[in-house]
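Based on the sequences and whatever the hints tell you, model everything.
The listed protein sequences derive, respectively, from chains A and B. Just so we're aligned, residue 168 is where the first sequence starts under the numbering used here, counting upward by one. Just so we're aligned, residue 68 is where the second sequence starts under the numbering used here, counting upward by one.
Treat the hints loosely; a few may be bogus.
[To be verified] Here are some chain A residues pointing at chain B (derived, C-beta under 8 Å): (1) V232; (2) Y243; (3) R246; (4) Q259.
[Claimed, not checked] Cut-off 25 Å, straight-line C-alpha distance, at most; resulting in silico cross-link-like pairs (DSS-like, lysine-lysine): (5) B:K257 - B:K189; (6) A:K288 - A:K216; (7) B:K143 - A:K287; (8) A:K288 - B:K143; (9) B:K116 - B:K189; (10) A:K216 - A:K287.
[What the hints assert, rightly or not] Between beta-carbon pairs, the in silico distance windows are: (11) A:R291 - B:E285: 37 to 47 Å; (12) B:R138 - A:D193: 31 to 41 Å; (13) A:R291 - B:P124: 33 to 43 Å; (14) A:T252 - B:R138: 26 to 36 Å; (15) A:I265 - B:L284: 50 to 60 Å; (16) A:V229 - B:L135: 21 to 31 Å; (17) A:I253 - B:K258: 45 to 55 Å; (18) A:V272 - B:G123: 33 to 43 Å; (19) A:R291 - B:E139: 12 to 22 Å; (20) A:V190 - B:N241: 45 to 55 Å; (21) B:S249 - A:L313: 51 to 61 Å; (22) A:V229 - B:E267: 18 to 28 Å; (23) B:Q281 - A:T252: 48 to 58 Å; (24) B:A278 - A:E221: 29 to 39 Å.
Just so you know, these hints were derived from the structure itself, not from any lab. For glycine and all other residues, C-beta sits at the position ideal for the given N, C-alpha and C.
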Amino acid sequence: MLLGCVIATYRPLLNETPFDPNVQQDRNLSYFYYAGSTISHSYDTELLKQVLQEYFTQNTIVASVPPERGLYVRVYQTRSPRSPTIFENLSQFSLTVIPYYCDAVKYIVDYDLYIDTVLKKTYRYEIREKSLNWIGALPFFWVNFLTNHQSNAFTATIHQFIRDARNEGLL
Amino acid sequence: MIHLKIICTVLTALTLSACIRTQLSDRNFPYHTWQPIDASAVAIGISMKQVVPFFGPSRIGRVYFVRLEEREEILKQDRFIRSDTSSNDYVYLMNAQPGRYAAVAFSLPAGELSWDLYLLQKALIQQTVTTVAPGTIGYLGEFILLRGLGMRKVGGDSIQNHYASILSGEYLNNVYVAELLSSTQDEQTKKQFLRVTDEELLKNSGGAWSAWIQQQLETPY
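In structure tokens, the structure reads:
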């Protein structure tokens with residue numbers, strides 16, 4: 168029930184970093200995904216594969232080790248280290264009777280790019296959450312269907328990573 | 068009056084809809100079978116029990132691992148990996164990359180959305196360090212732990228303080244120091260772990276993992 172007391176939106180937005188067809192490549196890509204602590208682990212795994220396949224049209228496969236030759240990306244998503252504030256603790260203690268507004272980094276996503284088994288660079292992105300935690304928000308839980316979901320923000324970081332690696336000449 | 072009833076009904080329906088939550092877990096998918104994603108993928112298991120005074124040991128359901136990658140202080144890694152699943156007395160990380168792993172903390176539920184975190188001391192973390200070769204299943208050992216005092220009261224060693232910070236985003240309630248009561252890391256308990264893993268977790272259908280386990284079980288001590 169407490170989850171229904173939260174109205175949240177996430178950034179980055181997809182329209183800030185959409186799919187760029189100029190970066191599409193007819194190459195293979197192997198990748199691996201660690202979800203340090205996210206809830207939607209299996210969903211994000213599928214999402215990652217779908218988005219990477221848009222860019223690497225030849226073959227995109229999951230692999231636990233980098234191939235001897237070729238591209239490999241290890242994706243690491245974890246909750247951002249953050250100590251709860253006094254207000255957040257009060258809100259939780261009161262079961263969100265006391266409202267609490269949060270605007271903070273929620274997740275960190277690292278993309279380790281390997282070429283021919285050598286780690287070339289790690290790209291780090293933040294997924295930021297703005298949320299209202301309040302029991303009075305329960306009847307308005309449906310607003311969450313209209314806000315930017317965490318998975319869209321995760322997708323936006325994938326697009327940003329591809330673009331940044333391309334701009335640096337690594338892809 | 069009718070309009071008021073309609074409004075109340077709609078508001079109630081909306082409120083109740085917010086209370087519905089589908090929780091995806093192994094309990095919802097009892098027939099899920101684990102298989103390696105490729106020939107090199109590994110699995111890691113550990114047995115951890117926390118002793119609660121007057122109640123005896125209780126099984127720990129969530130463990131935090133780190134993959135030890137080269138850095139100045141190897142035990143202070145920046146990335147943690149939460150366990151995937153648990154079965155019988157063991158907690159697992161499935162389909163991980165081969166390499167060296169250690170357990171650094173575990174957590175227990177402390178309410179609807181929060182957890183109490185228990186940080187392992189440096190010496191205990193070092194005991195759990197295990198190299199897991201490609202295509203195998205690593206066993207970090209069996210540990211029985213006692214809940215120590217809260218971190219705010221006693222402070223922790225530098226490794227515990229490091230992971231207290233790294234794990235602070237995990238909806239934590241309280242942070243405790245975990246003290247070791249006993250540990251077992253011999254071949255007998257390892258084989259018991261492998262046997263239970265294959266039968267109970269992999270359901271004897273773990274592909275290359277099951278084949279590897281059978282090979283290990285046939286090997287004499």
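Results for each hint:
1. V232: 5 Å, holds
2. Y243: At about 6 Å, which falls below the 8 Å cut-off, the nearest Cβ of chain B leaves the hint on A:Y243 intact, so it holds.
3. R246: Holds, because the Cβ-Cβ distance from A:R246 to chain B comes to roughly 3 Å (cut-off 8 Å).
4. Q259: 7 Å, holds
5. B:K257 - B:K189: 23 Å, holds
6. A:K288 - A:K216: 20 Å, holds
7. B:K143 - A:K287: Given pair B:K143, A:K287 holds - Cα atoms ~22 Å apart, limit 25 Å.
8. A:K288 - B:K143: 20 Å, holds
9. B:K116 - B:K189: Measuring from Cα to Cα gives roughly 18 Å; hence the hint holds.
10. A:K216 - A:K287: Roughly 21 Å separates the two Cα atoms, so the pair holds.
11. A:R291 - B:E285: 37 to 47 Å: Holds, since A:R291 and B:E285 (Cβ atoms, about 46 Å apart) stay within the stated range.
12. B:R138 - A:D193: 31 to 41 Å: 37 Å, holds
13. A:R291 - B:P124: 33 to 43 Å: 40 Å, holds
14. A:T252 - B:R138: 26 to 36 Å: 31 Å, holds
15. A:I265 - B:L284: 50 to 60 Å: 56 Å, holds
16. A:V229 - B:L135: 21 to 31 Å: 23 Å, holds
17. A:I253 - B:K258: 45 to 55 Å: 51 Å, holds
18. A:V272 - B:G123: 33 to 43 Å: Given range 33 to 43 Å: holds, Cβ gap about 41 Å.
19. A:R291 - B:E139: 12 to 22 Å: Holds: the Cβ-Cβ distance is about 19 Å, inside 12 to 22 Å.
20. A:V190 - B:N241: 45 to 55 Å: 46 Å, holds
21. B:S249 - A:L313: 51 to 61 Å: 54 Å Cβ-Cβ, so the 51 to 61 Å window holds.
22. A:V229 - B:E267: 18 to 28 Å: Holds, since A:V229 and B:E267 (Cβ atoms, about 25 Å apart) stay within the stated range.
23. B:Q281 - A:T252: 48 to 58 Å: 53 Å, holds
24. B:A278 - A:E221: 29 to 39 Å: 36 Å, holds
In this structure, none of the earlier numbered hints is contradicted; all agree with it.
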